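Colleague: Letter by letter, the chains look like this.
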Amino acid sequence: MDSTFVEKILTKYSNNKEVVPSQIVTVKPDHLLKHDNTAAIIQKIQPELNNYGVYSKTLPIIVLDHVIPAASEKTATNHKIIREFVTNHDIKNFYDVGYGVCHQIVIEKGLALPGILILGSDSHTCSYGSIGAFSSGIDRTEAACLLLTGETWLKVPNSIKMNLNGKLKPNVYAKDVILHIIGDISSAGANYCSVEYHGDTSQFNIDDRFTICNMGVEMGAKNAVFLVDNVTTKYLSSIKISASKYRPIYPDKDACYSQELDFSLNEMEPMVACPHTVDNVKPVSDLKGVEIQQCLIGTCTNGRLSDLKIAADILKNKKINSRVRLLILPASKDIYENALKDNTIEILLKSGGTILPPGCGPCLGAHQGCLAPGERCISTANRNFKGRMGCKDAEIYLASPATVAASALKGKITDPREV
Amino acid sequence: MKIWKYNDNINTDMLFPGKYTYTCNTAEEIKPHILEDLDSSFAKNVEKGDIIIAGKNFGCGSSREQPVIGLKAVGIKAVIAESFARIFYRSAINQGLILIESPDAVRAYSKGDKIKLDIDNGKIIIDDKTFTFPKLPSEIVAIRNAGGLLDYTKSKLKNKIKN
Numbered sequence: 001m002d003s004t005f006v007e008k009i010l011t012k013y014s015n016n017k018e019v020v021p022s023q024i025v026t027v028k029p030d031h032l033l034k035h036d037n038t039a040a041i042i043q044k045i046q047p048e049l050n051n052y053g054v055y056s057k058t059l060p061i062i063v064l065d066h067v068i069p070a071a072s073e074k075t076a077t078n079h080k081i082i083r084e085f086v087t088n089h090d091i092k093n094f095y096d097v098g099y100g101v102c103h104q105i106v107i108e109k110g111l112a113l114p115g116i117l118i119l120g121s122d123s124h125t126c127s128y129g130s131i132g133a134f135s136s137g138i139d140r141t142e143a144a145c146l147l148l149t150g151e152t153w154l155k156v157p158n159s160i161k162m163n164l165n166g167k168l169k170p171n172v173y174a175k176d177v178i179l180h181i182i183g184d185i186s187s188a189g190a191n192y193c194s195v196e197y198h199g200d201t202s203q204f205n206i207d208d209r210f211t212i213c214n215m216g217v218e219m220g221a222k223n224a225v226f227l228v229d230n231v232t233t234k235y236l237s238s239i240k241i242s243a244s245k246y247r248p249i250y251p252d253k254d255a256c257y258s259q260e261l262d263f264s265l266n267e268m269e270p271m272v273a274c275p276h277t278v279d280n281v282k283p284v285s286d287l288k289g290v291e292i293q294q295c296l297i298g299t300c301t302n303g304r305l306s307d308l309k310i311a312a313d314i315l316k317n318k319k320i321n322s323r324v325r326l327l328i329l330p331a332s333k334d335i336y337e338n339a340l341k342d343n344t345i346e347i348l349l350k351s352g353g354t355i356l357p358p359g360c361g362p363c364l365g366a367h368q369g370c371l372a373p374g375e376r377c378i379s380t381a382n383r384n385f386k387g388r389m390g391c392k393d394a395e396i397y398l399a400s401p402a403t404v405a406a407s408a409l410k411g412k413i414t415d416p417r418e419v
Numbered sequence: 001m002k003i004w005k006y007n008d009n010i011n012t013d014m015l016f017p018g019k020y021t022y023t024c025n026t027a028e029e030i031k032p033h034i035l036e037d038l039d040s041s042f043a044k045n046v047e048k049g050d051i052i053i054a055g056k057n058f059g060c061g062s063s064r065e066q067p068v069i070g071l072k073a074v075g076i077k078a079v080i081a082e083s084f085a086r087i088f089y090r091s092a093i094n095q096g097l098i099l100i101e102s103p104d105a106v107r108a109y110s111k112g113d114k115i116k117l118d119i120d121n122g123k124i125i126i127d128d129k130t131f132t133f134p135k136l137p138s139e140i141v142a143i144r145n146a147g148g149l150l151d152y153t154k155s156k157l158k159n160k161i162k163n
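In order, the protein sequence lines correspond to chains A and B.
Quick note on the numbering used here: the first sequence kicks off at 1 and runs consecutively.
Quick note on the numbering used here: the second sequence kicks off at 1 and runs consecutively.
The hints are simulated quantities; they were obtained by calculation from the structure and are not laboratory data.
Computed Cβ-Cβ distance ranges for the label pairs, DEER-style:
| id | chain 1 | residue 1 | chain 2 | residue 2 | range |
| --- | --- | --- | --- | --- | --- |
| 1 | A | G374 | B | A142 | 44 to 52 Å |
| 2 | A | P373 | B | E29 | 19 to 27 Å |
| 3 | A | H89 | B | K156 | 18 to 26 Å |
| 4 | A | D2 | B | S40 | 46 to 54 Å |
| 5 | B | S110 | A | R247 | 51 to 59 Å |
| 6 | B | E47 | A | D262 | 47 to 55 Å |
Lysine-lysine pairs mimicking PhoX-like chemistry, simulated, CA-CA at most 25 Å apart:
| id | chain 1 | residue 1 | chain 2 | residue 2 |
| --- | --- | --- | --- | --- |
| 7 | B | K114 | B | K5 |
| 8 | B | K44 | A | K392 |
| 9 | B | K31 | A | K386 |
| 10 | B | K162 | A | K57 |
| 11 | B | K154 | A | K155 |
| 12 | B | K5 | A | K386 |
| 13 | B | K154 | A | K57 |
| 14 | A | K74 | B | K31 |
| 15 | B | K162 | A | K28 |
| 16 | A | K155 | B | K123 |
| 17 | B | K5 | A | K392 |
| 18 | A | K28 | B | K158 |
| 19 | A | K44 | B | K77 |
| 20 | A | K44 | B | K160 |
| 21 | B | K2 | B | K114 |
| 22 | A | K57 | B | K158 |
| 23 | B | K31 | A | K44 |
| 24 | A | K386 | B | K72 |
| 25 | B | K156 | A | K57 |
| 26 | B | K156 | A | K155 |
| 27 | A | K234 | A | K167 |
| 28 | B | K162 | A | K44 |
Owing to the predicted nature of the structure, the values given are computational and were not obtained by experimental measurement.
Just so you know, even glycine gets a beta-carbon here, dropped at the ideal spot from N, CA and C.
Extracted from the complex, chain A is given alone in its bound form (with noise of 0.2 Å):
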């Protein structure tokens, strides 16, 4: 029978012969990622940890990125005991403060490879597809139960082919296209089930792939993926991982697909996700003049080199709106040294906008960037739920890092072919 690529790579891990949607099959991933949850993960297996140990010191990847550097004694505690755990139990992938967004380490580390299979204890672990890699996301209690088992279960979900076509126009972007999907098929659009993306992909770049597969969980994705090709093969070796170094899995050419859905990218437009729901999506032009106090342009969504410049494009020789912060947070140190050498930062910062460190900083409303009642964010990040930036009374907008680079600008939600 011919199957989807889910159904592939959970036949491999579960040593089947063939597996079919709805079947619950056990595997054993090749990592399991958390972040500065860990404290809370480990503290719940406390003596089962050191009766047993951990099942394997290169399964988990531990980055310190949520609330970097720690923001109270409570934080600071919590990294405490993870650097601790760390030593005692010997984990081999450690990303310290300052390494940047822990997806982000993943891909850049070498980390997900074509054909692999990662969970992790954060939603958007789905963002691995990018590089043709399974990964989903779960919860803290069953990161520690893999912690100390190496493997779980997983229900084979139904398969979604979604076909990219055509060719996107100028100053629209991944993140445009990712808002439009969402917009079109709803938040719960996907869930349960494994996005595939097919079509003219080859004009998505790794970092584009990144963003929307980074997104996948916002329509309720188990995963999504692209499938691996040239791009992928061309930015693995660019980080000195050979082809001999992995197996890339393909969907095959009669697979099952619940739906298949066709969407035009030379028609689409720059996008907009409004208040308070990430399917709530309008394009920039029924936006304009809604005035911002707060721009975000970074995190694991789009806090990568090509994101900051598209960013800086726009923003060369020019201020910022003065009743406008501007926040720039690269999505890791190496992306921030990239964008130092090639004068990105400092266009940025001449420009008015404040760097932030290489981490979560304030998307999840924990600190660096809350928002007070009745302002307004115009961000690049995947959410904006209610509350989502520290303050239930403030708005946030999502959008591409062109469109509020603009916005920026004229401290309105504005069109990036505007300016």
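We have chain A; now place chain B onto it with these hints.
Modeller: For chain B alone, coordinates are given in the frame of chain A:
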């Protein structure tokens, strides 16, 4: 027993604000903030045995498990929704919180109706109407019967060592 009724797309930030995710972990720390940004009367007035009825995509968003732990800790007997987001659904299995997906029951319910639940036989009775829901696969029931995934895993580990 009270019924709490909510709409579509109730997300994890509404169920438990993100600003507390790294400072509140235990059930006692979570309870005062449960549903804080959705319904400020909930934490004060919820009682053991209450039921939540909601629309589509309940629990969408973050993988944080405080919403599930909190709802279990305040004594919510079950959440009945038109649909659930997957990480939340999985997390509920792991914590032993009962979720029932039944769009028909949600649509049939109106304020003041009496609800009876028969979890073992997969039945929701709203006034005089009965709605059925499918049983969970045996693998999942085993986790729930063990009291949640942590206890399930701990006893599995103990048995493994014994053998």
